[in-house]
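Model the full assembly from the supplied sequences, consistent with the hints where possible.
4 protein chains.
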Amino acid sequence: MPQITPQTKGVFVIAATPFAPDGALDMASIDRMIDFYRDAGADGVTILGVMGEAPKLTPEESLSVIRATLTRAGNMPVIVGVSAPGLAAIRDLGLRAMDMGAAGVMVAPPGSLRTNEQIIGYYGHVVEALGPDVPLCLQDFPLVTGVTISPATLGAIFEAHPSVVMLKHEDWPGLSKITTLRKAEAAGRRRVSILCGNGGMFLPEEIRRGADGAMTGFAYPEMMVQVCRLSAAGDHDRAQDVFDAYLPLVRYEQQQGVGLAARKYTLARRGIIASDTQRKPGQALSSEAVAELDFLIRRQERRLAELG
Amino acid sequence: MPQITPQTKGVFVIAATPFAPDGALDMASIDRMIDFYRDAGADGVTILGVMGEAPKLTPEESLSVIRATLTRAGNMPVIVGVSAPGLAAIRDLGLRAMDMGAAGVMVAPPGSLRTNEQIIGYYGHVVEALGPDVPLCLQDFPLVTGVTISPATLGAIFEAHPSVVMLKHEDWPGLSKITTLRKAEAAGRRRVSILCGNGGMFLPEEIRRGADGAMTGFAYPEMMVQVCRLSAAGDHDRAQDVFDAYLPLVRYEQQQGVGLAARKYTLARRGIIASDTQRKPGQALSSEAVAELDFLIRRQERRLAELG
Amino acid sequence: MPQITPQTKGVFVIAATPFAPDGALDMASIDRMIDFYRDAGADGVTILGVMGEAPKLTPEESLSVIRATLTRAGNMPVIVGVSAPGLAAIRDLGLRAMDMGAAGVMVAPPGSLRTNEQIIGYYGHVVEALGPDVPLCLQDFPLVTGVTISPATLGAIFEAHPSVVMLKHEDWPGLSKITTLRKAEAAGRRRVSILCGNGGMFLPEEIRRGADGAMTGFAYPEMMVQVCRLSAAGDHDRAQDVFDAYLPLVRYEQQQGVGLAARKYTLARRGIIASDTQRKPGQALSSEAVAELDFLIRRQERRLAELG
Amino acid sequence: MPQITPQTKGVFVIAATPFAPDGALDMASIDRMIDFYRDAGADGVTILGVMGEAPKLTPEESLSVIRATLTRAGNMPVIVGVSAPGLAAIRDLGLRAMDMGAAGVMVAPPGSLRTNEQIIGYYGHVVEALGPDVPLCLQDFPLVTGVTISPATLGAIFEAHPSVVMLKHEDWPGLSKITTLRKAEAAGRRRVSILCGNGGMFLPEEIRRGADGAMTGFAYPEMMVQVCRLSAAGDHDRAQDVFDAYLPLVRYEQQQGVGLAARKYTLARRGIIASDTQRKPGQALSSEAVAELDFLIRRQERRLAELG
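Chains as they are written, first to last, in UniProt numbering: chain A, 1 to 308; chain B, 1 to 308; chain C, 1 to 308; chain D, 1 to 308.
Hints listed in this document are in silico derivations from the structure and should not be mistaken for laboratory results. Ideal Cβ placement from N, Cα and C applies to all residues, glycine included. Mixed in with the good hints there might be a few duds.
Estimated spans, in silico, between C-beta atoms of each pair [said to hold, decoys possible]: (1) C:125 <-> D:189: 43 to 53 Å; (2) C:163 <-> A:287: 31 to 41 Å; (3) B:1 <-> A:31: 40 to 50 Å.
For lysine to any residue, the following SDA-like pairs were computed, each having C-alpha atoms within a straight-line distance of at most 20 Å [what the hints assert, rightly or not]: (4) C:280 <-> D:177; (5) B:177 <-> C:117; (6) D:183 <-> B:131; (7) C:280 <-> D:118; (8) B:280 <-> A:160; (9) D:177 <-> A:300; (10) C:183 <-> A:284; (11) D:177 <-> B:257; (12) A:280 <-> B:160; (13) B:177 <-> C:121; (14) C:183 <-> A:113; (15) B:280 <-> A:287; (16) A:177 <-> D:27; (17) A:280 <-> B:124; (18) B:280 <-> A:90; (19) B:177 <-> C:255; (20) B:280 <-> A:132; (21) C:9 <-> D:118; (22) D:280 <-> C:258; (23) C:183 <-> B:117; (24) B:280 <-> A:120; (25) D:183 <-> B:285; (26) A:280 <-> B:131; (27) B:280 <-> A:110; (28) D:280 <-> C:117.
What follows is the structure, given as structure tokens:
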């Protein structure tokens, strides 16, 4: 089974959790979604992220989602979010996911952490709980977690724990953090894979600053794939052209809460998942929001046609 | 099986979760601890509170603790904390606990809630998830949850949901909140049981303001029992005498983090639990803290002897 | 002197505070900047906003900036930010600004407020301190203030205090809030002017939801003016074309902290202010950021040329 | 004029700001209060603290309070709180206070700081703004500021800036922080004076951990003076006897918000200030609170009489 490493590159799509209109897990949509992500050129998939609907699942349902995703994904690597209020649950879910074939696990810091020392200590406990052989992706998302992690703090964690192989970077503003981290590597620190979140809002700049790709759930993963490929080929103007064509929608989807509703609406509109149902507490799209999305999608299609 | 109601009064002790030195659950200590609480005059017990070590248990271990506690407690009511990041886990654990014979469940608000409307909406979802027949205790602990709940917000929840029968009051400063809530009841709103936390730091005042008792984990529950009884009998001076004798230690134990270590140390020193082990991440008592505790306990014993 | 009213519409530009390279206030640049904003079609100007560098001024310097701006602005209305930790300073600066001819004052809530009742109480104190005749703009910016204000809370403030004539809306996501507020007005509540901030990131949608215009500091105010005019004329596709052409830069400038540096850099590059100097603690633009900005500005100019 | 140094010891009382019933500054009460503090054995006074009513003063009023206090205090050192949202105001007020004869200034961190690096950077800016000759007291009060400062962060600040001569310690729980700081000094770091706040709730333990005294506003400063003297003499049992006699009231006064009302009420009851008036927004004492205070004060007097 493939595992994430410090050299991992590309686009890992944050997968939505599809529900039927009655709220039950929709396993057929999981299959269709995974196929779609692979066909769109994704290099991997991440499930059970904190911003998704992972906390709305029972422990048994979480295992079902992991199993179904891994089965369908085959040799496409799958990262499993295992953030939880306590280490026992992180260890429990993390080890089960790895046993089932996950490529690695992702852990965001609990909101109670404040100082550099507390954050470093926490990841020490996480690595100890999971053991040194579980590849770990550290999710750095201050806007949601409330925890700000300085570059030096990340560096201390990377140096202490070789199993932390990846950073999910969604600090905001966060471009200078990528530059700082890559400079520290140029000066001798071991390499870490950096995949960027934040809905893709700064993807072209992030790649030029040294990021290895994207890890976010934008409903058009083909944009992220193209931007990464064009950037890798040095064609920054063309990469930005593609990015700009999608940007009005990227911006709309990045709104917290309503963005998840917009994403599920768009995935359902594209025929990828059967229903845009969210479990409670979920935010339904208003008629105004639907009109805004439809307007933006129509314009996006027109502009993409012009781009050729 | 007894259930909590709007008329519930007395002392519900927040039970520690006892671990063996190797970190395993110590079931024998659970039994001894429950016996001790009953013998001390406690009217009930609360387990798996957010401030305890509940998040350090796997889902299976939580069920073991619930089962063992309920078995030993017999007809003494047991409230089970079921706070979780998502409704599915709250429903899942809550219904299982009730099936096993719990007296009710306790839910604290997640830290992301801000406005009155969000808080009211959240408890609506919780009641919907648990069903209208599960007696619910609302834990109001802003210092830890980060969520401030105004008296009017509590009132709106109480009016909308008859199954919310109890308030675990640990707002700070919070004396005026008790007065406000009781005045609203005097003006016609239905009664809710109010048991107070915060380590017992304001117990005499809370009782005089109209609280029905205490729900906290102070290692000398006999203090809370006596203060409640003396206050109920109108002997406020004697109640305060007893309270004052314990206050230096109450104050020490109320420190967040180190307080739990102090509490477990004291319970172990008293022979109630076998070990003061905490699971990681836990805060060990320094030699300075042990000396401070021993000094305070010695003085407390002397003063209690003087009180007669 | 013009004052803001519930009917105020259009674009109020949040003015930067220009400093000379040695950190002194640059009064000549204030004049040039005000002229530029007027020539760009702005309907008004807002100075001393919390996100600007107002706290870096001494009380005397704040008065100098107010005086210079009002003198140059002539009959163009100027709103003065007077947020402060205490009511005495708000009253003091607010009354002086009004005496000098300000169109109104703007106050954001202090970060300590939590419940609806606390927020409503706070604005009651502010209105009492300023007196009922000072037109007040309420700044609703949770990402920076940490205070979330529900639509019902805003409604209660609007109903209690006729002098609150304007909302600076920068809740995020915040489109549904505009809809909710306008629906309440349709149902009978008095009108309030709504001008939107957040760097202009959602300006087309905000206008269609019922906002009256923009109040933000984007370095190309002509974009906001055009989007507002085209939207008012019902030409939403053309409005979105203009918006989309600027969006990559809007997005870049909206980054907190580095965005102010980008904004000052762009204003200086355009010859509007003499220097992009910030007072400490300020964030300098890295060479990477300068390259990113230059790249985006070049592309923006090309695209605007294509739009005609 | 005396200045604070790394060797400063004793009790610095946080002075209340006395107002007449009409809200005007009450200068006669300032004089009486300063005389009372000196007579009670205080070693110094601190004015304009963030928890007092400093933000309710205009800049001119702040200067009046500083002038009046310094005049009356004579050779008793006075520390002036100069925390403000911006460096210009800190510099402005700080230098004026020093010119008038202050013993030093006190600065708490703004709530926006998160990482160790941000906190260290902030105090670098503060020292640069004030110049290297202004003795600085760093106020470490996470419960109010929202900023947690690790011992290593404090150490980095102390090492970089010799003018930071004092720590106002009111982290909670914070006993281990004192131990850690003193151990670092034993290992070679330069000494810093540590005076403790938090209403005095842990004064005996703080002194034994190595603190140099107290800096808080408890309405019976004679308690703090006695506890410090008895502890210095090694009579910890007697120190704790005195402390315990006052503890029920210390606990009551330490409640945020209502505590300031209780403190002013007690100072007025003792005849030290003429009125317990607070400026808006202030919290009036309810009749229940007055009864609680009177009850506690009566019992305290009885117990002190018993102690002899």
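Pairwise beta carbon distance, residue 163 of chain C to residue 287 of chain A, judged against the given window 31 to 41 Å = holds, 34 Å
Is it true that the CA of residue 280 of chain C sits at most 20 Å from the CA of residue 177 of chain D?
-> It is violated: about 31 Å lies between the C-alpha atoms, which goes past 20 Å.
Given pair status - residue 118 of chain D, residue 280 of chain C, alpha carbons within 20 Å | holds, 13 Å
Holds or violated: residue 280 of chain B with residue 120 of chain A, Cα cutoff 20 Å?
-> Cα-Cα ~14 Å, so holds.
Taken at face value, is the distance from the CA of residue 117 of chain C to the CA of residue 177 of chain B at most 20 Å?
-> Answer holds: residue 177 of chain B to residue 117 of chain C is near 13 Å, not above 20 Å.
CA of residue 280 of chain B to CA of residue 287 of chain A, is that 20 Å or under?
-> This hinted pair is violated, its Cα atoms lying about 49 Å apart.
Distance restraint between residue 280 of chain D and residue 258 of chain C, which requires alpha-carbon spacing of 20 Å or less | It is violated: about 37 Å lies between the C-alpha atoms, which goes past 20 Å.
Restraint check for residue 280 of chain B with residue 90 of chain A, where alpha carbons must lie at most 20 Å apart | Holds: residue 280 of chain B and residue 90 of chain A sit about 13 Å apart, inside 20 Å.
Going straight from one Cα to the other, do residue 280 of chain A and residue 131 of chain B come out at no more than 20 Å?
-> holds, 14 Å
Are the Cα atoms of residue 9 of chain C and residue 118 of chain D separated by 20 Å or less?
-> Violated - the C-alpha atoms of residue 118 of chain D and residue 9 of chain C are around 40 Å apart, more than 20 Å.
Straight-line Cα separation of residue 177 of chain B and residue 121 of chain C no greater than 20 Å?
-> holds, 17 Å
Hey, residue 280 of chain A versus residue 124 of chain B, does the alpha-carbon distance stay inside 20 Å?
-> Judged against 20 Å, a Cα distance of about 11 Å means the pair holds.
Checked against the numbered hints given earlier, the structure breaks hints 4, 6, 9, 14, 15, 16, 19, 21 and 22 and satisfies all the rest.
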